[in-house]
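**Student:** Spelled out from the first residue to the last, the chains are:
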Amino acid sequence: MDTDLFVAWFEETARLVREERDRLTRLDAAIGDADHGTNLDRGLTEVCKALADSAPESAAEVLTTAGTTLIRRVGGASGPLYGSVFRQMGKALLTPVTLAGFSAAFEAGVVAVERLGKAALGDKTMVDALAPASRALALAVRDGVSVQEALDQAARAAAEGAKATIPMQARKGRASYLGERSIGHEDPGAASAVLFMTALATVAG
Amino acid sequence: MDTDLFVAWFEETARLVREERDRLTRLDAAIGDADHGTNLDRGLTEVCKALADSAPESAAEVLTTAGTTLIRRVGGASGPLYGSVFRQMGKALLTPVTLAGFSAAFEAGVVAVERLGKAALGDKTMVDALAPASRALALAVRDGVSVQEALDQAARAAAEGAKATIPMQARKGRASYLGERSIGHEDPGAASAVLFMTALATVAG
Amino acid sequence: MKKLINTAESVVEDALNGMAAAHPSLRIRDHVVYRAQGPRRGKVGLVSGGGSGHEPLHVGFVGHGMLDAACAGEIFTSPVPDPIIEATLGVDGGAGVLHIVKNYTGDVLNFEMAAELVEGVEVASVLVDDDVAVQDSLYTAGRRGTGATLFVEKIAGALAEEGAPLARVAAVAQEVDERSRSFGIALTSCTTPSAGKPTFDLPETEVELGIGIHGEPGRARVPLAPARELAEVAMEAVHRDQPLRGDLLVMVNGMGGTPLMELYVVFAEVAAFIKGKGARVTRSLVGNYVTSLDMQGFSVSVCLLDDALTRLWDAPVETPALRWGR
Amino acid sequence: MKKLINTAESVVEDALNGMAAAHPSLRIRDHVVYRAQGPRRGKVGLVSGGGSGHEPLHVGFVGHGMLDAACAGEIFTSPVPDPIIEATLGVDGGAGVLHIVKNYTGDVLNFEMAAELVEGVEVASVLVDDDVAVQDSLYTAGRRGTGATLFVEKIAGALAEEGAPLARVAAVAQEVDERSRSFGIALTSCTTPSAGKPTFDLPETEVELGIGIHGEPGRARVPLAPARELAEVAMEAVHRDQPLRGDLLVMVNGMGGTPLMELYVVFAEVAAFIKGKGARVTRSLVGNYVTSLDMQGFSVSVCLLDDALTRLWDAPVETPALRWGR
Ligand SMILES: Nc1ncnc2c1ncn2[C@@H]1O[C@H](COP(=O)(O)OP(=O)(O)O)[C@@H](O)[C@H]1O
Ligand SMILES: Nc1ncnc2c1ncn2[C@@H]1O[C@H](COP(=O)(O)OP(=O)(O)O)[C@@H](O)[C@H]1O
Ligand SMILES: [Mg+2]
Ligand SMILES: [Mg+2]
Ligand SMILES: [Mg+2]
Ligand SMILES: [Mg+2]
Numbered sequence: 001m002d003t004d005l006f007v008a009w010f011e012e013t014a015r016l017v018r019e020e021r022d023r024l025t026r027l028d029a030a031i032g033d034a035d036h037g038t039n040l041d042r043g044l045t046e047v048c049k050a051l052a053d054s055a056p057e058s059a060a061e062v063l064t065t066a067g068t069t070l071i072r073r074v075g076g077a078s079g080p081l082y083g084s085v086f087r088q089m090g091k092a093l094l095t096p097v098t099l100a101g102f103s104a105a106f107e108a109g110v111v112a113v114e115r116l117g118k119a120a121l122g123d124k125t126m127v128d129a130l131a132p133a134s135r136a137l138a139l140a141v142r143d144g145v146s147v148q149e150a151l152d153q154a155a156r157a158a159a160e161g162a163k164a165t166i167p168m169q170a171r172k173g174r175a176s177y178l179g180e181r182s183i184g185h186e187d188p189g190a191a192s193a194v195l196f197m198t199a200l201a202t203v204a205g
Numbered sequence: 001m002d003t004d005l006f007v008a009w010f011e012e013t014a015r016l017v018r019e020e021r022d023r024l025t026r027l028d029a030a031i032g033d034a035d036h037g038t039n040l041d042r043g044l045t046e047v048c049k050a051l052a053d054s055a056p057e058s059a060a061e062v063l064t065t066a067g068t069t070l071i072r073r074v075g076g077a078s079g080p081l082y083g084s085v086f087r088q089m090g091k092a093l094l095t096p097v098t099l100a101g102f103s104a105a106f107e108a109g110v111v112a113v114e115r116l117g118k119a120a121l122g123d124k125t126m127v128d129a130l131a132p133a134s135r136a137l138a139l140a141v142r143d144g145v146s147v148q149e150a151l152d153q154a155a156r157a158a159a160e161g162a163k164a165t166i167p168m169q170a171r172k173g174r175a176s177y178l179g180e181r182s183i184g185h186e187d188p189g190a191a192s193a194v195l196f197m198t199a200l201a202t203v204a205g
Numbered sequence: 001m002k003k004l005i006n007t008a009e010s011v012v013e014d015a016l017n018g019m020a021a022a023h024p025s026l027r028i029r030d031h032v033v034y035r036a037q038g039p040r041r042g043k044v045g046l047v048s049g050g051g052s053g054h055e056p057l058h059v060g061f062v063g064h065g066m067l068d069a070a071c072a073g074e075i076f077t078s079p080v081p082d083p084i085i086e087a088t089l090g091v092d093g094g095a096g097v098l099h100i101v102k103n104y105t106g107d108v109l110n111f112e113m114a115a116e117l118v119e120g121v122e123v124a125s126v127l128v129d130d131d132v133a134v135q136d137s138l139y140t141a142g143r144r145g146t147g148a149t150l151f152v153e154k155i156a157g158a159l160a161e162e163g164a165p166l167a168r169v170a171a172v173a174q175e176v177d178e179r180s181r182s183f184g185i186a187l188t189s190c191t192t193p194s195a196g197k198p199t200f201d202l203p204e205t206e207v208e209l210g211i212g213i214h215g216e217p218g219r220a221r222v223p224l225a226p227a228r229e230l231a232e233v234a235m236e237a238v239h240r241d242q243p244l245r246g247d248l249l250v251m252v253n254g255m256g257g258t259p260l261m262e263l264y265v266v267f268a269e270v271a272a273f274i275k276g277k278g279a280r281v282t283r284s285l286v287g288n289y290v291t292s293l294d295m296q297g298f299s300v301s302v303c304l305l306d307d308a309l310t311r312l313w314d315a316p317v318e319t320p321a322l323r324w325g326r
Numbered sequence: 001m002k003k004l005i006n007t008a009e010s011v012v013e014d015a016l017n018g019m020a021a022a023h024p025s026l027r028i029r030d031h032v033v034y035r036a037q038g039p040r041r042g043k044v045g046l047v048s049g050g051g052s053g054h055e056p057l058h059v060g061f062v063g064h065g066m067l068d069a070a071c072a073g074e075i076f077t078s079p080v081p082d083p084i085i086e087a088t089l090g091v092d093g094g095a096g097v098l099h100i101v102k103n104y105t106g107d108v109l110n111f112e113m114a115a116e117l118v119e120g121v122e123v124a125s126v127l128v129d130d131d132v133a134v135q136d137s138l139y140t141a142g143r144r145g146t147g148a149t150l151f152v153e154k155i156a157g158a159l160a161e162e163g164a165p166l167a168r169v170a171a172v173a174q175e176v177d178e179r180s181r182s183f184g185i186a187l188t189s190c191t192t193p194s195a196g197k198p199t200f201d202l203p204e205t206e207v208e209l210g211i212g213i214h215g216e217p218g219r220a221r222v223p224l225a226p227a228r229e230l231a232e233v234a235m236e237a238v239h240r241d242q243p244l245r246g247d248l249l250v251m252v253n254g255m256g257g258t259p260l261m262e263l264y265v266v267f268a269e270v271a272a273f274i275k276g277k278g279a280r281v282t283r284s285l286v287g288n289y290v291t292s293l294d295m296q297g298f299s300v301s302v303c304l305l306d307d308a309l310t311r312l313w314d315a316p317v318e319t320p321a322l323r324w325g326r
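Protein chains in written order, with the UniProt record's numbering: chain U, 1 to 205; chain S, 1 to 205; chain C, 1 to 326; chain B, 1 to 326.
So that you can see chain U by itself, here it is in the shape it has in the complex:
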């Protein structure tokens, strides 16, 4: 897992988010304020620019740059939350990057967002997609599967986790204001987390 792969990860995520922007915004319209797609699209465009400009020399640098850019450019709840995921990953990632090292860094990122957002599994947030993805990665490392296989499993776990947010009642973020009316809708942040994980699996292929 080299530096280019990490750059490609964000480029592919940016492409996917652009493609899915309106769906993300629609999900946010249902239980939030209709800006999640726009927010992430703006943020990832900036991330790609920042990566192009700074020519990072390590995977850790890619992650830190991406995280800082998200914090500095997105705003809203998802900006600091996603930003913290990647900044924390960047801090935790050891060189050279192995699947095990990536898995550990990813888990550190997920913990960072749980702490910052005070969110736990089942609160109907991005954590519900990110935490299962992290668990899938850890299991893949334990089982010694290929990088590609591991990332595919992580993407699948994220997708299942996002789907599982549909019947949940939100306890964090704007959706929590709706009380029971938040039930029956997929969490936009969980849906965008799936895009991150799918993008990673794609570029690794």
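The set of hints was computed from the structure by calculation and includes no laboratory data.
Careful, some of the hints might be misleading.
As the list claims (entries may be wrong) - Facing chain B, from chain U, some residues (calculated, C-beta under 10 Å):
#, residue
1, 79
2, 172
3, 175
As the list claims (entries may be wrong) - In silico BS3-like links for lysine-lysine, alpha-carbon gap of 25 Å or less:
#, chain 1, residue 1, chain 2, residue 2
4, C, 197, B, 197
5, U, 91, U, 49
6, C, 197, B, 277
7, S, 49, S, 91
8, B, 275, B, 2
9, U, 91, U, 118
10, B, 2, C, 2
11, U, 118, U, 49
12, B, 197, C, 2
Every residue, glycine too, gets a C-beta built ideally from N, C-alpha and C.
With chain U fixed as given, assemble chains S, C and B with the ligands onto it according to the hints.
**Tutor:** Here is chains S, C and B with the ligands on its own, set in the frame of chain U:
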């Protein structure tokens, strides 16, 4: 033509205006501000109340009360304009009321509104219905037809006059702001003038 | 139709009750809004009014430095003479009363009748007719009075507050009207409570140019365009009629349903246009001041200032909707 | 969607340019609105901000007696930390800076990050969370900050202007929040420029109860009812949470697309409700102050006053959207 007939005139007009209120307002929406039906409905309801309360003893008194009430209760352009018609009629009407006397008083009323509104035939206003009605009355007096026949002819003349406002470009009132876009719509004030004349023919029958 | 009202019949009365409850500085009786403390001896009284539905005009402009009384008619329907007479008598401090009348047949007739019937008070009248969308010709009722009414009421009000005599107050009102031009554009129609549906239908892709403040359709319909272009259309119309020059008082006014953010977007374009013509915005207002119920859209009003008018504009004013200097 | 904008992307920037053109008293840089004259030595600086689309909140409340700076995020999107840091450094007069933060995850996180990263300036924060439509429980993100934000900014701003130290300014801000409750009702959804269509669909015959200020759907949908009943629903919710008593500051606030006339209709009902509970409206505001783009609807905010708070409310304020006493 006795006092009761004049009271009945306003009662029947009030009934007709109530019935046709939405049509009048729709006509006013097209080239004005969508209140002519409401304005006249409010005004004639008040006229009926005033007539019931004051128990007028002459046709002239009925007309003066009606005119004053319209001025005092309607507002807008049509309040002072219609009010002046009937106040002037009240002033001009001689007792006992003959058809010839009525025709002369009616003409005085029409002149009053022309003067007050600075409106002439063809300006696309109530004058385009009232003036032909007055002319029809005068001709009927000359020809010596019955009261009923005379009032029927006046009502028909008013209706034709109102219809003739459709192709006109307005030169007075709000409709004049529309310039050429006022063409193709019947003037609401002309339409309500028809109701006055129709009501009179009805109650005389 | 979705409105925060009790009934279509009671909306004017209910809103006036709300004003009375919110503003102890006002006294409201029989659809006339007065300053609570009554007339000041020797001060010219200012009375305006017209159909309701243009709030804060006129009722929100009663107070120190502006109107002494405002008569509220039914929605879009000029008030009848009686309350205008009442208001005129009620605000007279012995120095006479100025009627500020927007140029609409109904307003003109009812104020004229009132002025004729008032006894014992000297009355002067000024007609406001600033809307360049209407040709001032034999073939129309003349220009409509729209946004500049606020300018007239503020500036004449300031002069009256200083104790100027009726003739001078009337003259400055007249002067402000002559120096002012307006043009309005609607994105949507308004809905009167009694009609219950939009006065006109406007497709999602079109706007009405040259609207008044009563939901009257405008002079023409054109495709919806960016704020920059709409601002230019309005400003070109104003500029064509009275070239922009020197110091300007500029109002970008919302029609009632337009959020402040959009009005600022328009103001930026208006200011750029003015700069391009070599004139200067030295005073400005941005907000919903002269409205047409829930209509979306804006109007822009421009007044050519001089030092005297600027001073009067800056003078203290304390009304529900316009307040500075005290 | 029909809006007076140039492009969805540029709307915040364009509106800020309009504000800069309209208000020489402001200086605007990088989406932060400052008082033009800069910080005053020894005065606590007040910084607020949040997503745009709530105008005049916060940008219209920068000026004497209120905020020193406001950070404007994208529409409904909390500003990022950088401009908050800039604003904090820019307004510091040596006495520290108070962050006034509406309680939304995004606002809280971004202001927190900014506060952590600021160096050399003492920063205190107050969270505004007045919206009784949201249960303050473990199962939500806590109450939203809505209308009471204006109360907090005005009253804390007045105390800061008097030269009070940061701890006292923060304490009064906190006190105002604790004494304030709000509830909102929407007649229509809003439309964000980028989404281009209404955030939620609301049938002609229904209203949303307990809405926030971001076009979030409310807690429940009920049939459209007369203003009296809607005002009662809102006031009951406020009263249930904090019984009405004594002197009250009451704001009937429009959501952006509601005409003033309708807000006064609502105010009359709110005032009647309060009288019925034996409390008194001693200060009030009626208008579009804390909005949600073009949404139609209203919110009502109530603050329990005492003499000290009343005095601070009455203190001079001179901002684009709130101005009295100078
Ligand atoms: N406290 C929180 N912890 C974790 N994730 C959160 C939290 N609050 C919100 N989120 C995530 O952020 C998403 C919303 O992001 P976005 O719409 O960009 O921000 P905003 O809510 O400020 O408009 C939600 O769908 C949810 O997944
Ligand atoms: N100057 C005028 N002279 C004669 N009639 C007029 C004049 N102005 C308007 N009208 C009549 O008044 C009618 C409008 O009445 P109404 O809608 O009640 O008043 P407003 O125009 O004030 O809303 C017009 O249709 C026209 O017939
Ligand atoms: Mg969102
Ligand atoms: Mg009309
Ligand atoms: Mg009318
Ligand atoms: Mg947001």
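**Student:** Please write out, lowest number first, the hints stated earlier that are contradicted by the structure.
**Tutor:** When the structure is compared with the hints, numbers 6, 8 and 11 turn out to be violated.
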